[in-house]
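K.L.:
Both chains come to you apart, so use the hints to assemble them.
Note that the protein sequences, when read in sequence, are chains A and B. For the first sequence, this note's numbering begins at 1 and goes up steadily by one. For the second sequence, this note's numbering begins at 1001 and goes up steadily by one.
Be careful, since some hints might not be right.
Unchecked claim - The calculated lysine to aspartate or glutamate pairs, modelled on EDC-like cross-linking and capped at a C-alpha distance of 20 Å, are:
| hint | chain 1 | residue 1 | chain 2 | residue 2 |
| --- | --- | --- | --- | --- |
| 1 | A | K316 | B | E1228 |
| 2 | A | K99 | B | D1187 |
| 3 | A | K172 | B | E1175 |
| 4 | A | K172 | B | D1188 |
| 5 | A | K164 | B | D1030 |
| 6 | A | K316 | B | D1153 |
| 7 | A | K383 | B | E1175 |
| 8 | B | K1163 | A | E168 |
| 9 | A | K207 | A | E359 |
| 10 | A | K175 | B | D1187 |
| 11 | B | K1189 | A | E168 |
| 12 | B | K1163 | A | E385 |
| 13 | A | K99 | B | D1188 |
| 14 | B | K1189 | A | E133 |
| 15 | A | K172 | B | D1187 |
| 16 | A | K380 | B | E1228 |
| 17 | A | K172 | B | E1228 |
| 18 | B | K1163 | A | E370 |
No wet-lab data here; the hints were simulated from the structure.
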Amino acid sequence: MPIEIEIPILSADKRAAEDIEKDHTHELLFELEAQGELVVQRVPEPYSEVDTKYGRKKKIPLQHTWHHKSCGQCGHIPGYSTSIFWLHRQLGLEYNDPKDQTSCTAWNYYASATSNAAAQAAVAVRNFAAAYESGYFPLIHCGTSFGHYKETRHELLHHADLRKQVREIMAKLGKQLVLPEEIVHYSEWVHVIRDRAAQKRVYDCSKITATVHPACHYHKLVAEDAIYDREIYGGQRSAIVTSTLQALGVNVADYSTWFDCCGFGFRHILVQRDFTRSFATMRKIEVMKNEANPDVTITHDTGCVTTLDKSQFAAKAHDRNVGVPVMSEAQFVALAMGAHPYRVVQLHWHTTEYGALLEKMGIDWKTRWEEFQGDLEAIKSGKKEFLTWEDADAK
Amino acid sequence: MEQTRYTVRNKYSDVPYEVKEQLFREVKSDLRFTDYLYGCYECGICVAACPSARFYDFSPRRIAQAVAREDVELIYEQMNDDVWECSQCFSCNRCPRQNSPGGIITVLREVAVKHGLRSAKEALGAYGRVIYKIMSTGTQVSPDMLQPDAFPDWGPQVLDVSKNLDTWRKAIPPETLHTTETAWEIDDKTIIELYLIWHMTGVMNMIEKVDEGLYTILMDVMEEKLEEAGYSM
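Looking at chain B on its own, in the form it has when it is part of the complex (with noise of 0.2 Å):
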């Protein structure tokens, strides 16, 4: 009988295995990784309920197993080219095993960030400005984010708001919302321990490894309040 012969392209040849595998090392040793994976019965029902699934060539039940049977090369290649396209909504934890293919997703994500992966730094290229907000001031998105330029689909509502942010901001009732740089007022000792919260858990150093001019503009910030109120960096 003839038999058909099939090459898994291994698409990272030019990674050395032994790189890959302290990855997904990483990967495994993850505190959140036992709740996010338990087996698979291939059932489909993370790809059916997946709204990536629907838009893009992308399986949340693929990684799972991959993950499931420790497929490096497969890993790293998941790791590379698909994480990015996951919503992370956690329609997949419908999963009848309780895997949650989501949440897998997280932590490869953060190992690809942690490790500066090329590929992550290109999801998160044009993202380097909401890093910077959230970390900065506290809060993810903010009114004067709202800009014709930024968001041209949402249509001209988008052009009322910043023509009129001001005057807006100044009409909602709630005091705490009348900033335009922040989504609410924040206060300085507040800000002041979350900058302490990024030093002292290591996520200044996973922004150094995936956006270094970033990393230096955030470091010049946090650098100036923490001083101010009396902290070394």
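Isolated chain A, as found in the complex (with noise of 0.2 Å):
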């Protein structure tokens, strides 16, 4: 006899594929600012306007940008932060490192659920808050920070009571409900100014292959909001770090397990690292080294640079197929504009050897070492108190 089972419909038809490729969130934004419940920050000129997954045009600032800095890459990958901020400088582009900027708390909130929505939510309005009184324009440099805020603007949309409560708790703080156009990542910048950056590239990269980890809180959070490219994959997967890595000349090797997440898990890097060795080795850099054998991984993320990077030590020990070096696409485009891998780039803090791949790109990596010996001499003797701008770039 088959068993008869009943599985409740919930509101299955409420939200159709066609109404997710349609992606309301503008409309919804706009009509609320309208009817005054919040206020939009505009994307500042000049912008670039990119393909979403579904054709929506993102509006991506190229200046006048409020740096929402990552709690992971300033405190333990900060050549990442580094990197952004001299690609700008570079290029021109002026930018604001703001004090009145807390972390997103995202990490937190995944690895703990001390939190909830409405703490949730009022974090990031007032990050939000805080860049539109500056007048500058949030650039997220945080993957969760990005997916999360797109999910903290869902709820924030659909939900006048979630808006009510925080409208309330801004106006004890003196601000106001802001939600920016656009919510916008670093690496979405990086895709629309990657062949101004080819331009200025002093090495050639045409030599190294790389492989790419996209990380999962850029694309499967609020995927609709991704950047695609019908020229890259076909369009069946982000386009977002490939294209910049292409510009640069570099050889972008597929791999198998591509989708697959590096084995973060917010909670499990902090206090349950069995699971993320095993999974970052095992699942990610055993497969690019057996299929790609690439010279570098890719990824724009912070806690996947830090995954896939200090999870490699302990499996060499046990002399599994690893050794890749791992770092962020900004890092990478850096070195490859002639940025010190040292004072910029600050590799010292990464653990996997990169020498090889810096060697093959024509960087004299040894002797780069030895100018950044100096500087720390410099600043213990109390000759320099920091290494500045100046200096890092200093020939």
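P.N.:
Structure (structure tokens):
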């Protein structure tokens, strides 16, 4: 006898695929602005328009940006944030590195759940309001902040009670409920400046083979907002990062587990790393090595760089097939444009051996390391308080 | 024909059904719930994409189905035994029905924390220092957390960082990154605003439920700064 199982149909027809493809976010955003429910900060000109997953044109500002920094980048991979700033400086694009920005707190939200929808929305809007007050437009460095803020925007746009609660909290802080016209990840900015960066390339990248790890919270959370290009992967995967590497002349090699996450796990990377190490090495690095044998793997988010880089040490001790340097595309582009590997790209914060990659690019890393040791001595002896941007670009 | 009888073990029979039902009502009433669950084809795409399913006895499909069936007993068991294995990568958002099992899990975890479930306390036992860092300083990880005893599996490079930390931080060009106790420099007014958000949105009550010691420490730190800024607790 077949067993009859009753499966309740919830709101199955409420969000049909065509609704997602239409993406009503911006209609709703401007409608609520017209009703006085919130303030929309416009993308400043000049901006570029790029295609998202289902064809909506997304505006990406070129400059006058408020840099929403990343905890993990600034704390543990400082060459990541520094490279993003360096690229702006090299291209003559103005930016603001604020001190009135907090973390999005989403790493903790996804790891420990010691928060709630209202708190997360209030933290997001407080940062957006700070950017708005400065007159600069937010550029989000972290993939998790980017994905989480888009989820938060969705919740705010669809729930009047949440908007009311956040408006009241902001009023107590002397701020308004502000949302930016677009939520923009820094890698989208790199995507639009990639040809300019390629023109300033000083090292040949044509001998470099790279694999790309697309960050989960970039292309899986509110997926319809990620950047796609029909010329890259036939438009079947996000074009981000790959587009930039191809512009630099890098050979981007494919591997079968490209969709898998890195193993970060939010909670796991800090307190349950047996999972993180196993996944990062067995499902990502070893697969890349076996199928593509890359000189480097490039990604565009905080947790991915940390996980894929740091997890290799223990795996190597077990004679696993690992040993691929890992960095963000911002760092790689900076290197290709001649940035100092230590003063700017800060590769000494990375774990996996990167010397062979730099040599293949034609970068004399040993001399650069000696120069950096001189900087450190000058700081230790008190001759220099800090390394400055002028020092970073000194020949 | 001989019939095989199966008995479903009720692992948490000591917890009254009404309590479990109340927790599920809270999950269902969360404003995010209707965006996270639409139904289930049982296709298993979420499991195929799930990193945690490869290394743990964990299935996002089972969780989505239990919640869709409103199986209060099983949901309670999952809330205790399964939800902390999730990686929160949202690979399961590939669902052809537009479910977000990862999103459902976020809400299940929040309700578990809010009610101080033992499993939530255990899962977060070693995590308290991270919660302290983010809630008290406004950045989740800091350079001074890179200590060899905390990250022995990351190799000797962590020791290099910790030994040279002050000098290495001064050798980073952006002036906001010269910090060691926070990821970047944040001004006091901004920290005060963050503390007010934690208080006004009930997050402090959640912390009290899951870790009383942490709650006391955080309250002390916040009270001092808030009083200096003219706020009364």
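K.L.:
Does each hint hold? Answer for all of them.
P.N.:
Hint by hint, here is what the structure shows:
no.: 1; hint: K316(A) - E1228(B); in the structure: violated, 51 Å
no.: 2; hint: K99(A) - D1187(B); in the structure: holds, 6 Å
no.: 3; hint: K172(A) - E1175(B); in the structure: violated, 31 Å
no.: 4; hint: K172(A) - D1188(B); in the structure: holds, 17 Å
no.: 5; hint: K164(A) - D1030(B); in the structure: holds, 16 Å
no.: 6; hint: K316(A) - D1153(B); in the structure: holds, 11 Å
no.: 7; hint: K383(A) - E1175(B); in the structure: holds, 18 Å
no.: 8; hint: K1163(B) - E168(A); in the structure: violated, 46 Å
no.: 9; hint: K207(A) - E359(A); in the structure: holds, 11 Å
no.: 10; hint: K175(A) - D1187(B); in the structure: holds, 17 Å
no.: 11; hint: K1189(B) - E168(A); in the structure: holds, 18 Å
no.: 12; hint: K1163(B) - E385(A); in the structure: holds, 18 Å
no.: 13; hint: K99(A) - D1188(B); in the structure: holds, 9 Å
no.: 14; hint: K1189(B) - E133(A); in the structure: holds, 14 Å
no.: 15; hint: K172(A) - D1187(B); in the structure: holds, 18 Å
no.: 16; hint: K380(A) - E1228(B); in the structure: violated, 35 Å
no.: 17; hint: K172(A) - E1228(B); in the structure: holds, 17 Å
no.: 18; hint: K1163(B) - E370(A); in the structure: holds, 19 Å
Checked against the numbered hints given earlier, the structure breaks hints 1, 3, 8, 16 and satisfies all the rest.
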